[in-house]
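As they're listed, the protein sequences go chains D and H.
Residue numbering for the first sequence follows this note's numbering, starting at 15 and increasing by one per position.
Residue numbering for the second sequence follows this note's numbering, starting at 15 and increasing by one per position.
Read the hints as simulated data drawn from the structure, not as lab findings.
Just so it is clear, the structure is predicted and the values come from calculations on it, not from any experiment.
Keep in mind that the hints are not guaranteed to be accurate.
Computed from the model, here is a short list of chain D residues facing chain H with C-beta under 10 Å [unchecked claim]: (1) SER79; (2) ALA232; (3) THR235; (4) VAL357; (5) PRO396; (6) THR397; (7) GLU445; (8) VAL465; (9) ASN466; (10) ASN470; (11) ALA531; (12) ALA562; (13) ILE565.
All residues carry an ideal CB built from backbone N, CA and C; glycine is no exception.
Number of protein chains: 2
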Amino acid sequence: MATQRVVIVGAVALGPKTACRIKRLRPDFDVVMVDQDQYISYGGCGIPYYISGDVSDLSALMSTSFHMLRTPEFFEKAKGVRVMTRTRAEAIDRERKTLRVRRLETKEDQEIPYDFLVLATGSLPNKLPIPGVDHPRVMSVSNLHDASAIKEMLSKGAVGRAVIVGAGAIGCEMAEALTDLWGVETSMVEIAPQVLPGVLDSTLARMVASHLDERGVAVYTGETVREILPGDDGESLTVRTSQRDLAADVVITAVGVRPNGFLAAHAGLLVSPRGAVVVNHRLQTSDPCIYAGGDCIEVIHRITGKPFHFPQGSLANRQGRIIGTNIAGGCATFEGSVGSFAVKIFDLAVATAGITHKTAVSEGFDAVQALVIQADRAHFYPTQDLMTLAVVVDRKTRRLLGIQGVSRNGDALVGRINAVSALLARRGTVEDLSNLEVAYTPPFAAAMDIVNALGNTAENILDGLNVTADPDDFETCFLQDAAPDVVCLDVRGPKNAEPFVKAFGDRWINIPQETLAQRLDAVPKDKRLLVVCNSGVRSYEALLQLRAAGIENAVNVQGGVAAIKKSGMIRLDEEGED
Amino acid sequence: MATQRVVIVGAVALGPKTACRIKRLRPDFDVVMVDQDQYISYGGCGIPYYISGDVSDLSALMSTSFHMLRTPEFFEKAKGVRVMTRTRAEAIDRERKTLRVRRLETKEDQEIPYDFLVLATGSLPNKLPIPGVDHPRVMSVSNLHDASAIKEMLSKGAVGRAVIVGAGAIGCEMAEALTDLWGVETSMVEIAPQVLPGVLDSTLARMVASHLDERGVAVYTGETVREILPGDDGESLTVRTSQRDLAADVVITAVGVRPNGFLAAHAGLLVSPRGAVVVNHRLQTSDPCIYAGGDCIEVIHRITGKPFHFPQGSLANRQGRIIGTNIAGGCATFEGSVGSFAVKIFDLAVATAGITHKTAVSEGFDAVQALVIQADRAHFYPTQDLMTLAVVVDRKTRRLLGIQGVSRNGDALVGRINAVSALLARRGTVEDLSNLEVAYTPPFAAAMDIVNALGNTAENILDGLNVTADPDDFETCFLQDAAPDVVCLDVRGPKNAEPFVKAFGDRWINIPQETLAQRLDAVPKDKRLLVVCNSGVRSYEALLQLRAAGIENAVNVQGGVAAIKKSGMIRLDEEGED
């Protein structure tokens, strides 16, 4: 192939990766990146850490791992890639194969010829469709300009109270950033009935909400923001929700992003109903000389088989390399995504892959959820801590559909989620999870590791051995309804059970599991039994003992008291375990 | 199926798991475990942590996660499983379906009838075939008796110097255990030319050896222990190797274990050349009423397809459940292992899966190794640290054959290895590694995560783009031979390069990568060039620039100066990176 001219629109994540890959494969190709901003090639996902102070200097987000600023000059000298900043792509002439750009400094227009064009136009933050959002103190955190502005206000001490609209990943990261270092009194408003909607099912979402609450963030879920009113002082704001007024010195909106497919659409390229540029597996648009990737496209979800918008710096990087390979004459493909996701929220890490139980049901799967709370390494190893994992599986095919986890040890959690992601991408089953090979040594794993225990639990549910209730069910029928025919059978030791027996009286019965076989007569036969232990393991054992004794009206509360407490449903002081 | 009598020989790991699974599925089955020891159901892999003091009490290794001692009484009451301790299995009568046992306390023999028999006879520590090994101060760490004895000696202050024979996982764990808390002057002697032979290839093994050295452990590789001589005082010992005499108050032998298949062999069951009980995928022996699992069997290696002995508590647990399911009338299979492995050695974690480059070559693969040293999360995130990963791939099929890593963050490392294990088990290719989906957020992963970078690097090597030398090659031809036609081209900044230029004179040339295009005339054309940077990334870029300029006599040193320094080949003080 003769030398080619490649023009790349957008120089943040996918653009630079594509450009560098092309130049490595074909140093003779002429590669130019255009970007309307003066900031290029930065880690946008690092913005919350810049605001929190974890990253002290904005330049760190624009540097290589060897501390070299990724400026236009750097790309020119080190990579042989030309960069035109403050240059907006205006229109593509597909017939003449030119890109018209406007130099924003000089207001001049220019036509750049291309053999291949790459669209790395990214995404645009959604804007709340309500009065008041144009106030200068209503901001998003979608670029380095916002980041600087917010950090400047914080460091001036101009922010005492903040309202974050949206409890997705960025909203949660911002809640930490504002609260932890800056001590800002922070509220979050989320229209969905839970935090991290679409990412977590209810039980784990409640654990996250409970953690936010513990760290002083007021979380209002199921509330709509109606308008944002300027205060009398001209500085403070009032956020009016469907339920309340919240005072704020700054409002941060983090209500999602949408793919920026405008340039593509105007050029007559195929664009999805959500506005994303449509690409094939080689990341080619409907015009084979034009490629697109990163936040402006949709990818195939490997569980549902449907396109979805999943803006992630990691996908942009991998896609950039694929586009580079293809433009240089190779053949590389992007096979889709299982939606692997992680976020750190104060001391809690959340990581997921695949789809939630709620999504699975709406997608027509006969979906079942298993939940395990277990030590994240050998339970005798001093640094062990409880990890919570839930898996969603299809009853009919026993296929894995999704996994979710929360843990204080993010590395340990993300590692497990990544391993399960590899199974999800390959249509793994529950049995594959039970037999997933985990490198074992007491400091880093349990002999029956939590991922294997999760698979075992799901198998036991599918096989009808383990009949479960979720912590949500526990709350509804035991705490809220307090139905007189529902009784908790606590099979832990008496020290653990005592405060619960005190609190709930004869609705909370304590029979330690190892004594159950001898004390079956003490089990009420005319009640619905919720069997609980600390985690769901001994209560499963008890459930089987009850069934063997002909007592069928019992279910095992998944995750046990640990899950109930982590979700903030009950706060009772217990003595040490016995 | 009517109720059945199940007898299990061995009650440490697989035995209890099998017993409990059977009772959960079939509470009506009669299950009995026999074990010659009084200690049962313990985490033997926790012994080094008991000795080190990380685990303060031996009972922790014998307790459930809810702090209940797994005594015979516990199994009886909580699980409905009978246990006969201090009871040695003597012989199987397969025709009459009975097991003859001897009660070691009373010396009585007894016949126990079975419908199903399970062999969980474990492994036996290898004994050095040399004079002096029967001295009471020459010990292994294969059971709780040894563990107690060693800890007692340590806590009495009776151990000033120790020699460990064998630098496998247990040897390395014991080196940490003795040195870290107890301050014992510890030496290790290993017959192979490296530590962790069979687990790591040379480069990573040298990093581990260098770490052991930094922590004060004297490591002697490539040395054979010839004899152990008692000292004149009747207490101290002299370990005589092929190279030296080492004084010791205690000698710990950790030279591997072999499967204990004696009972099976005597009963005429099929046994492998290495003495392991032969089983099918359902873990049935050649007698369909007799199952076996855990350390007494071999499993199929999913890379080589051959049986191998892989004694791991994790496999024993998973196999125990499979045997339990099958005996209860279900159908579960064990599909083999990719040999996932982890060990913590002081502040360094090592984890691997699949086979080493050396093994791959001996198995007939056209094996290629790629090495990457990179931050284990976003390089701008404060807790980032360098991780080292190497992957072994087959040139012809591009199939992944193995992965190895070392890192100070064990959770982050083990998580990556587990994800790659899932690929290895499914005949994944280099491209699968490049596209492995990693949950991305700056605190826990990089946008182009190290596992993906590793896949990319391997692709580039297979495609002939990246032509590499290993740190070992660097040592041989630059440090040792000092061949006059070999020159290092250091493409880092001048501050990094300066001490090397000082040390090596005109054999070490510094041209920063971003200036290389302008300074090609300064590159010697008549020399063999070893191109180095900190990690191998900029040197790869430089290699491509050289090639584009017609300079072909250059190779990229994988892992760069970071690998060279971590392996202890060069110790030079450098200023901060520039």
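* Which of the numbered hints are not met once you compare them with the structure shown? -> 2, 3, 13
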